[in-house]
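Residues per chain are reported as follows:
Protein chains: 2
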Amino acid sequence: MSQVYGRVALIGLGLIASSMFWAIKRGGLVGEVTGYARSEETRATARRIGLCDRVCDTLEDAVKDADLVVLCVPVGAMEAVARQMAGSLKPGATVSDVGSVKRAVIEAVGPHIPEGVHFVPAHPLAGTEHSGPESGFAELFDNRWSLIVPSGDPDAGAVADLRALWEGMGANVDVMDPDHHDLVLAVTSHTPHLIAYTMVGVADDLRRVTDSEVIKYSAAGFRDFTRIAASDPTMWRDVFLTNKDATLEILGRFTEELFALQRAIRTGDGDLLHDYFTRTRGIRRGILDAGQDVDAPNFGRSTKAK
Amino acid sequence: MSQVYGRVALIGLGLIASSMFWAIKRGGLVGEVTGYARSEETRATARRIGLCDRVCDTLEDAVKDADLVVLCVPVGAMEAVARQMAGSLKPGATVSDVGSVKRAVIEAVGPHIPEGVHFVPAHPLAGTEHSGPESGFAELFDNRWSLIVPSGDPDAGAVADLRALWEGMGANVDVMDPDHHDLVLAVTSHTPHLIAYTMVGVADDLRRVTDSEVIKYSAAGFRDFTRIAASDPTMWRDVFLTNKDATLEILGRFTEELFALQRAIRTGDGDLLHDYFTRTRGIRRGILDAGQDVDAPNFGRSTKAK
Numbered sequence: 001m002s003q004v005y006g007r008v009a010l011i012g013l014g015l016i017a018s019s020m021f022w023a024i025k026r027g028g029l030v031g032e033v034t035g036y037a038r039s040e041e042t043r044a045t046a047r048r049i050g051l052c053d054r055v056c057d058t059l060e061d062a063v064k065d066a067d068l069v070v071l072c073v074p075v076g077a078m079e080a081v082a083r084q085m086a087g088s089l090k091p092g093a094t095v096s097d098v099g100s101v102k103r104a105v106i107e108a109v110g111p112h113i114p115e116g117v118h119f120v121p122a123h124p125l126a127g128t129e130h131s132g133p134e135s136g137f138a139e140l141f142d143n144r145w146s147l148i149v150p151s152g153d154p155d156a157g158a159v160a161d162l163r164a165l166w167e168g169m170g171a172n173v174d175v176m177d178p179d180h181h182d183l184v185l186a187v188t189s190h191t192p193h194l195i196a197y198t199m200v201g202v203a204d205d206l207r208r209v210t211d212s213e214v215i216k217y218s219a220a221g222f223r224d225f226t227r228i229a230a231s232d233p234t235m236w237r238d239v240f241l242t243n244k245d246a247t248l249e250i251l252g253r254f255t256e257e258l259f260a261l262q263r264a265i266r267t268g269d270g271d272l273l274h275d276y277f278t279r280t281r282g283i284r285r286g287i288l289d290a291g292q293d294v295d296a297p298n299f300g301r302s303t304k305a306k
Numbered sequence: 001m002s003q004v005y006g007r008v009a010l011i012g013l014g015l016i017a018s019s020m021f022w023a024i025k026r027g028g029l030v031g032e033v034t035g036y037a038r039s040e041e042t043r044a045t046a047r048r049i050g051l052c053d054r055v056c057d058t059l060e061d062a063v064k065d066a067d068l069v070v071l072c073v074p075v076g077a078m079e080a081v082a083r084q085m086a087g088s089l090k091p092g093a094t095v096s097d098v099g100s101v102k103r104a105v106i107e108a109v110g111p112h113i114p115e116g117v118h119f120v121p122a123h124p125l126a127g128t129e130h131s132g133p134e135s136g137f138a139e140l141f142d143n144r145w146s147l148i149v150p151s152g153d154p155d156a157g158a159v160a161d162l163r164a165l166w167e168g169m170g171a172n173v174d175v176m177d178p179d180h181h182d183l184v185l186a187v188t189s190h191t192p193h194l195i196a197y198t199m200v201g202v203a204d205d206l207r208r209v210t211d212s213e214v215i216k217y218s219a220a221g222f223r224d225f226t227r228i229a230a231s232d233p234t235m236w237r238d239v240f241l242t243n244k245d246a247t248l249e250i251l252g253r254f255t256e257e258l259f260a261l262q263r264a265i266r267t268g269d270g271d272l273l274h275d276y277f278t279r280t281r282g283i284r285r286g287i288l289d290a291g292q293d294v295d296a297p298n299f300g301r302s303t304k305a306k
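Protein chains in written order, with the working numbering: chain Y, 1 to 306; chain U, 1 to 306.
Errors might be hidden in some of the hints.
No copy is singled out in the list; a pair is fine if it fits within one copy or between any two copies.
Stated by the list, open to error - Each computed EDC-like pair below joins lysine to aspartate or glutamate, with the alpha-carbon atoms no more than 20 Å apart:
no. : residue 1 : residue 2
1   : Lys90     : Glu129
2   : Lys90     : Asp57
3   : Lys90     : Asp155
4   : Lys244    : Asp269
FYI, nobody ran anything at the bench for these hints, they're computed from the structure. Computed from a predicted model, the values in this text were never measured in an experiment.
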């Protein structure tokens with residue numbers, strides 16, 4: 001693969017940035033990758049494990065002369081970072097991000113982008129429940145979708161380069177409108193996360209069932225909720241605060257449907273339940289056919305105790 | 001491992017029964033395993049793939065002379081099966097089952113168990129989203145929990161033999177009271193399944209987000225819901241109809257909590273969200289420590305397209 005950028009700056013060194021770094025190295029996509037994290041401890045960890053070609057002690061140093069700056073901090077922290085780095089950006093550079101919400105990021109970051117610098121927001125749809133600089137791995141984006149979500153009238157060259165970088169890191173790329181992005185993600189990610197957090201919270205709270213029982217007997221379905229509900233709390237707080245309208249809309253639809261099923265249980269309407277449960281199988285088939293999951297029982301999890 | 005029973009009859013040849021057969025063979029736990037399914041097609045499939053040492057065309061033939069009869073049919077079908085086979089059971093035999101609900105099974109099956117036959121209900125907490133005679137595999141129960149849920153005053157020898165069989169198939173065994181079982185499973189399995197079905201139904205229904213978008217972008221969290229929501233519709237209809245009270249109780253708790261989080265999103269209460277999302281991480285840690293899941297990113301799923 002050929003080099004896409006001379007220098008890339010990764011701001012915020014968590015799961016996504018560290019995976020980007022290893023994927024960039026795997027593909028030989030960038031001349032030099034600089035990195036910055038606000039926490040001194042994170043910077044020290046990054047230096048220790050060889051994360052980034054050069055870890056900088058200031059934001060300004062990290063973005064200086066970078067052809068691409070990628071904001072990998074929680075959505076709620078992006079405005080402050082954008083404001084602080086604005087004066088240090090190289091003319092002609094591109095600023096991008098990996099935030100899970102796009103309208104709010106465009107409103108927070110956009111106004112701080114100087115004339116002559118391109119702003120091309122993006123969102124890789126990949127993650128695990130782990131966070132921090134040591135959680136990244138080069139394969140995270142392989143065969144996953146990364147959405148480029150331009151605001152206004154984007155520079156075609158800047159979009160093409162960012163697409164080449166994401167494709168070089170293994171991802172498929174689509175371009176999407178910000179408001180539609182936020183609605184789609186409210187369905188495929190934000191509401192499912194809120195629901196999983198809620199269910200795990202209920203289980204933790206219930207006095208008549210002990211935590212130890214919940215943990216031992218989790219393989220019956222609950223286990224998958226706990227993985228989702230172990231994701232980074234700061235990131236998810238910011239997602240819900242900044243994608244409020246779409247999340248509340250989907251939550252409204254969700255509770256409406258849930259009440260209909262609850263009523264069917266109460267009244268003993270087995271046909272309604274059976275029809276509903278049959279319909280949902282089709283979507284699963286589509287996901288398997290699209291290569292977005294494997295069909296192996298138990299996800300290919302080891303069945304042995306660790 | 002030594003033989004636990006001379007003859008075992010598996011009634012209903014789906015995911016659980018077929019996995020039991022392969023696990024029994026792996027362990028050399030039983031002299032002969034007979035099998036019966038109501039559908040001629042299922043019996044033909046079983047014969048073709050070598051599922052069961054002998055597939056019988058009638059329920060009565062299958063249970064004749066069996067030391068253990070395991071009902072592996074949906075909970076709603078158990079009463080009819082129990083009534084039909086009652087006259088063919090061998091004196092001193094044990095009848096068990098694998099239903100996901102225990103109080104309702106005890107009430108439906110118990111009255112049909114003849115004098116001199118032991119009734120020891122059980123429930124293996126293991127499964128996949130697949131169903132049918134070809135979906136089973138010997139490792140399904142390895143390191144999973146199987147609950148023995150005796151009704152009344154069980155025969156100690158019958159319980160000990162059933163425990164030995166489940167342990168021989170790789171499971172850990174606990175004994176639990178029926179009502180407590182139904183509450184624990186409402187938390188760890190039944191309510192999570194209903195929620196997953198609901199979320200997938202909402203996504204399928206939403207006109208402004210296409211099914212193809214939902215499918216492509218499912219890796220962001222939704223994917224795990226679709227796996228759960230692909231489980232057998234008949235089995236799950238029966239679970240909700242027969243564990244109505246506990247499911248409705250947990251659903252009530254769930255919606256109460258969900259409304260509190262929804263309100264926090266609406267009012268912008270980031271602290272409440274952050275605290276909630278931090279608390280739920282502890283349960284995940286416990287599940288990993290208990291060996292009930294693996295910590296590998298993406299569950300060790302292949303990241304390549306199939």
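How would you classify Lys90 and Asp155 at a CA-CA limit of 20 Å: within, between, both, or neither?
-> within (16 Å within a copy, 80 Å between copies)
Can you tell me if Lys90 and Asp57 fall within 20 Å by alpha carbon in one copy, between copies, both or neither?
-> So Lys90 and Asp57 pass the 20 Å test inside one copy only (19 Å; across, 79 Å).
When no copy is specified for Lys90 and Glu129, does a C-alpha distance of 20 Å or less occur within a copy, between copies, both, or neither?
-> Answer is neither: 35 Å inside a copy and 52 Å across each miss the 20 Å cutoff.
Intra- versus inter-copy proximity for Asp269 and Lys244 (alpha-carbon distance at most 20 Å) = Between copies only: 12 Å across chains, 34 Å inside a chain, cut-off 20 Å.
Consistency with the previously given hints fails for number 1 only.
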